[in-house]
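Asker: Chain by chain, the residues:
There are 2 protein chains.
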Amino acid sequence: MTYCLAIKVDDGLVFASDTRTSAGVDDVRTYNKLHISETAGERVFVVLSAGNLATTQWILNAIRRDLDQPDAPVSLRSVRHMYDAAEYVGTLSVRAQKESSAYGQYSNVDFRTTLILGGQILGEEPSLYLVYPEGNCISVSPETPYLQIGESKYGKPILDRIIRPSTSLEDATRCALVSLDSTMKSNLTVGPPLDVAILPRDALRITHKLRLDIDTPYYAALKKAWGENLERVFRNDLPKFEWEGDPQQHSML
Amino acid sequence: MTYCLAIKVDDGLVFASDTRTSAGVDDVRTYNKLHISETAGERVFVVLSAGNLATTQWILNAIRRDLDQPDAPVSLRSVRHMYDAAEYVGTLSVRAQKESSAYGQYSNVDFRTTLILGGQILGEEPSLYLVYPEGNCISVSPETPYLQIGESKYGKPILDRIIRPSTSLEDATRCALVSLDSTMKSNLTVGPPLDVAILPRDALRITHKLRLDIDTPYYAALKKAWGENLERVFRNDLPKFEWEGDPQQHSML
Numbered sequence: 001m002t003y004c005l006a007i008k009v010d011d012g013l014v015f016a017s018d019t020r021t022s023a024g025v026d027d028v029r030t031y032n033k034l035h036i037s038e039t040a041g042e043r044v045f046v047v048l049s050a051g052n053l054a055t056t057q058w059i060l061n062a063i064r065r066d067l068d069q070p071d072a073p074v075s076l077r078s079v080r081h082m083y084d085a086a087e088y089v090g091t092l093s094v095r096a097q098k099e100s101s102a103y104g105q106y107s108n109v110d111f112r113t114t115l116i117l118g119g120q121i122l123g124e125e126p127s128l129y130l131v132y133p134e135g136n137c138i139s140v141s142p143e144t145p146y147l148q149i150g151e152s153k154y155g156k157p158i159l160d161r162i163i164r165p166s167t168s169l170e171d172a173t174r175c176a177l178v179s180l181d182s183t184m185k186s187n188l189t190v191g192p193p194l195d196v197a198i199l200p201r202d203a204l205r206i207t208h209k210l211r212l213d214i215d216t217p218y219y220a221a222l223k224k225a226w227g228e229n230l231e232r233v234f235r236n237d238l239p240k241f242e243w244e245g246d247p248q249q250h251s252m253l
Numbered sequence: 001m002t003y004c005l006a007i008k009v010d011d012g013l014v015f016a017s018d019t020r021t022s023a024g025v026d027d028v029r030t031y032n033k034l035h036i037s038e039t040a041g042e043r044v045f046v047v048l049s050a051g052n053l054a055t056t057q058w059i060l061n062a063i064r065r066d067l068d069q070p071d072a073p074v075s076l077r078s079v080r081h082m083y084d085a086a087e088y089v090g091t092l093s094v095r096a097q098k099e100s101s102a103y104g105q106y107s108n109v110d111f112r113t114t115l116i117l118g119g120q121i122l123g124e125e126p127s128l129y130l131v132y133p134e135g136n137c138i139s140v141s142p143e144t145p146y147l148q149i150g151e152s153k154y155g156k157p158i159l160d161r162i163i164r165p166s167t168s169l170e171d172a173t174r175c176a177l178v179s180l181d182s183t184m185k186s187n188l189t190v191g192p193p194l195d196v197a198i199l200p201r202d203a204l205r206i207t208h209k210l211r212l213d214i215d216t217p218y219y220a221a222l223k224k225a226w227g228e229n230l231e232r233v234f235r236n237d238l239p240k241f242e243w244e245g246d247p248q249q250h251s252m253l
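Going line by line, the protein sequences match chains F and G.
Each residue of the first sequence is one higher than the last, beginning at 1 in the working numbering.
Each residue of the second sequence is one higher than the last, beginning at 1 in the working numbering.
Any given hint might turn out to be false.
For chains that are exact copies, the list does not tell them apart, and a pair is met inside one copy or across any two.
Straight-line distance between alpha carbons at most 30 Å, and here's what the computed DSSO-like set of lysine-lysine pairs gives [as the list claims (entries may be wrong)]:
| id | residue 1 | residue 2 |
| --- | --- | --- |
| 1 | Lys209 | Lys240 |
| 2 | Lys209 | Lys224 |
| 3 | Lys223 | Lys240 |
| 4 | Lys223 | Lys209 |
| 5 | Lys240 | Lys224 |
| 6 | Lys185 | Lys98 |
| 7 | Lys224 | Lys98 |
| 8 | Lys223 | Lys98 |
| 9 | Lys240 | Lys185 |
Just so you know, these hints were derived from the structure itself, not from any lab.
One chain only, chain F, in its complex shape (with noise of 0.2 Å):
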């Protein structure tokens, strides 16, 4: 499995993914899930990608192509708007999928990937949109400022209680970071380091890109004073029952 999630808040855009890549537990790698195709001051589009990772590269690949070919009918270069850039990711990723299910129909391999596509360009709102296996894509909204892909159970609580628009963007970054590490201690499939990226609106580049393992003296600190606040607050912030401090009234609410 693999846990990305894109947050959309006024200032901008976050991007934050694990690196974790399995073929069964005893086939485990690292590979970059955030990928960043940036022409500064005119457009910027960042990829998130969960599944098939042949299907992924193929896609990625096929986005690289379109780029370097000057008379590509659309790539990430010629598409109006960030729409059009989802739909074409879209189409990109049915091709890849239908290409490898012919040659391995009869294997039960799951050849299908799920994006997250984020991005500005030049005189458009930031946006992110979520791309299913299928080639449709939905989008962000004010009620659910955020997306996710694969592994996305664990890190949604606290995404839920803290995320609003108008979160600042380190805030966002900082909640982004503390539902991938809440992941990575529930769950094997999801593992260190994790990319974060950083688009504010309408910088039209990415501000800041961040690798962050395990010991890197930033997630280090934040992890433990998460940690620590957490059981700050169950210790001393949260009401006690009736009961409490009286051992030996057993009151009902």
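Place chain G on chain F using the hints.
Answerer: Just chain G now, kept in the frame of chain F:
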């Protein structure tokens, strides 16, 4: 779905569950999933259930019938060890599923039920078992001091961060409630009211049994305090990135 959990700490056991039962999104009901069988001063058992409701009710009725029959070959009154109780409940579960399958072999209904059985028998340690649909079981351990059944992923990270054998019964109860609350926020198939039972070590009776709805004062206060504290931690208590405070500086970590 459902979400139930049980925690073993040095001071005793905590049981908690939601009450939502659904057979499709248009058939949602409220059922108690936390069942207590208590002979005060001698033995206390608590059963939590997730899965087919008919199978669960079959098992609970069989437990009750065996308790009423003084000559039943096995019952929760006669078992000597908690492990025997778990095996007994597992046997009932397998029998219930077998009976239903005999009539329903051409349907696609899933007759399985997963149970948590916990409690204490006078002279024994308090203990917790997860009883699989196949009838076998596993217990908690000091390294894994809690068990979950049903929709378990959303609420797992907070348990992993907070629950230790030394955690107090009350903090463990608050943690169980936060775990359930996070799950309810993220998944519609888990819903209020919540049931909680606390069995202190060697008390040999349930000292506190609570039913908490969204607007029960304690639960409302806990939700509020938890949400506000998390937001405060994010706002004030997590390490800042190097570039924060100086938006012009785009240093990497």
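Asker: Each hint: holds or not?
Answerer: How the hints compare with the structure:
no.: 1; hint: Lys209 to Lys240; verdict: between (43 Å within a copy, 16 Å between copies)
no.: 2; hint: Lys209 to Lys224; verdict: within (22 Å within a copy, 35 Å between copies)
no.: 3; hint: Lys223 to Lys240; verdict: both (27 Å within a copy, 13 Å between copies)
no.: 4; hint: Lys223 to Lys209; verdict: within (19 Å within a copy, 35 Å between copies)
no.: 5; hint: Lys240 to Lys224; verdict: both (26 Å within a copy, 13 Å between copies)
no.: 6; hint: Lys185 to Lys98; verdict: neither (36 Å within a copy, 38 Å between copies)
no.: 7; hint: Lys224 to Lys98; verdict: neither (46 Å within a copy, 50 Å between copies)
no.: 8; hint: Lys223 to Lys98; verdict: neither (42 Å within a copy, 48 Å between copies)
no.: 9; hint: Lys240 to Lys185; verdict: both (28 Å within a copy, 23 Å between copies)
The structure fails hints 6, 7 and 8 (numbered hints given earlier, in ascending order).
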